[in-house]
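One letter stands for each residue in the lines below.
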Amino acid sequence: NAGVTQTPKFRVLKTGQSMTLLCAQDMNHEYMYWYRQDPGMGLRLIHYSVGEGTTAKGEVPDGYNVSRLKKQNFLLGLESAAPSQTSVYFCASSYSGSGNTIYFGEGSWLTVV
Amino acid sequence: GENVEQHPSTLSVQEGDSAVIKCTYSDSASNYFPWYKQELGKRPQLIIDIRSNVGEKKDQRIAVTLNKTAKHFSLHITETQPEDSAVYFCAASKNDYKLSFGAGTTVTVRA
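From first to last, the protein sequence lines are chains A and B. Per my numbering, numbering of the first sequence is gapless, rising by one per residue and ending at 113. Per my numbering, numbering of the second sequence is gapless, rising by one per residue and ending at 1111.
You may find that some hints are simply not true.
[Unchecked claim] With a cut-off of at most 27 Å between alpha-carbon atoms, the simulated DSSO-like pairs for lysine-lysine come out as follows:
1) A:K57 x B:K1057
2) B:K1042 x A:K71
3) B:K1094 x A:K14
4) B:K1042 x B:K1057
5) B:K1094 x A:K71
6) A:K70 x B:K1098
7) B:K1094 x A:K57
8) A:K57 x B:K1058
9) A:K9 x B:K1068
10) B:K1057 x B:K1068
11) A:K9 x B:K1094
12) B:K1098 x A:K71
13) B:K1098 x A:K9
14) A:K57 x B:K1037
15) B:K1037 x B:K1098
It should be emphasised that the hints constitute simulated quantities derived from the structure, not laboratory data. Every value quoted in this text rests on a predicted model; they were computed, and no experiment measured them.
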């Protein structure tokens, strides 16, 4: 099992550019999440999905969109990148929502200049 | 929504000593409290968790205590070793999937 994998791992964007982060999990998990991690602020939930074809907003959804067309994939899109979106992005998944272990991907380092 | 506060933000301990990290949460309905360890440049990984029907849980050198009345929970690491150096995050959730994380504690174990 590869677990949760994210691509790309590093990316530099110019302000206004768009990009998509791809997350894939091979654990047959129903729930998937996108978090961002900034110094001194822990991990904040951007968007999440409770199953194929569903998405919902987390704490900090503005400027991001997501899609879950297949159960194993969860895409995070930035339509018009801003310097404030410079961060480390973590995808995660869990079997179900109620207190089950959340497994994280290795992270994607994004810099917007 | 849930608000989780974590203290201290940094902690330096001598190898062999104990380390304690404390977290408070705001939503009395929260019932699941995991702790994650994140080494530099790595992903967060679950090290221990506790549910609201339990007051304490131990796993080798790591223990977590929960005080529901006061709405706080703590991580205790005994006999610290250099490999315990990392950032530790507490989190809370209430029977759903949206973990709310604390800001993290950077633990440094001095040899």
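Report task. For the pair supplied as a hint, A:K9 and B:K1068, confirm whether the alpha-carbon distance does not exceed 27 Å. Result -> 39 Å, violated
Query raised in the report: Within a Cα-Cα threshold of 27 Å, do A:K57 and B:K1057 meet the stated pairing?
Result: Cα-Cα ~33 Å, so violated.
Query raised in the report: Is B:K1037 close enough to B:K1098, meaning Cα to Cα at most 27 Å?
Result: Between B:K1037 and B:K1098 the Cα gap is close to 18 Å, so the pair holds against 27 Å.
Report task. Quickly compare the C-alpha distance for A:K9 and B:K1094 to 27 Å and report which way the hint goes. Result -> Distance ~32 Å between A:K9 and B:K1094 Cα, so the pair is violated.
Query raised in the report: Going straight from one Cα to the other, do B:K1057 and B:K1068 come out at no more than 27 Å?
Result: 14 Å, holds
Report task. Take the C-alpha atoms of B:K1042 and B:K1057, compute the straight-line distance between them, and say whether it is at most 27 Å. Result -> Judged against 27 Å, a Cα distance of about 26 Å means the pair holds.
Query - Satisfaction of hint between A:K14 and B:K1094, Cα-Cα up to 27 Å - result: 39 Å, violated
Query raised in the report: Can the restraint linking B:K1098 and A:K9 be considered satisfied, given a maximum Cα separation of 27 Å?
Result: OK: B:K1098 and A:K9 at ~24 Å, within 27 Å.
Query raised in the report: Are the Cα atoms of A:K70 and B:K1098 separated by 27 Å or less?
Result: 21 Å, holds
Query raised in the report: Quick one, are B:K1098 and A:K71 close enough, alpha carbons at most 27 Å?
Result: Since the Cα atoms of B:K1098 and A:K71 sit roughly 19 Å apart, the hinted pair holds (cutoff 27 Å).
Report task. Quickly compare the C-alpha distance for B:K1094 and A:K71 to 27 Å and report which way the hint goes. Result -> Distance of about 24 Å is within 27 Å: holds.
**Report entry** Distance restraint between B:K1042 and A:K71, which requires alpha-carbon spacing of 27 Å or less
**Finding:** 25 Å, holds
Of the numbered hints stated above, those contradicted by the structure are hints 1, 3, 8, 9, 11, listed in ascending order.
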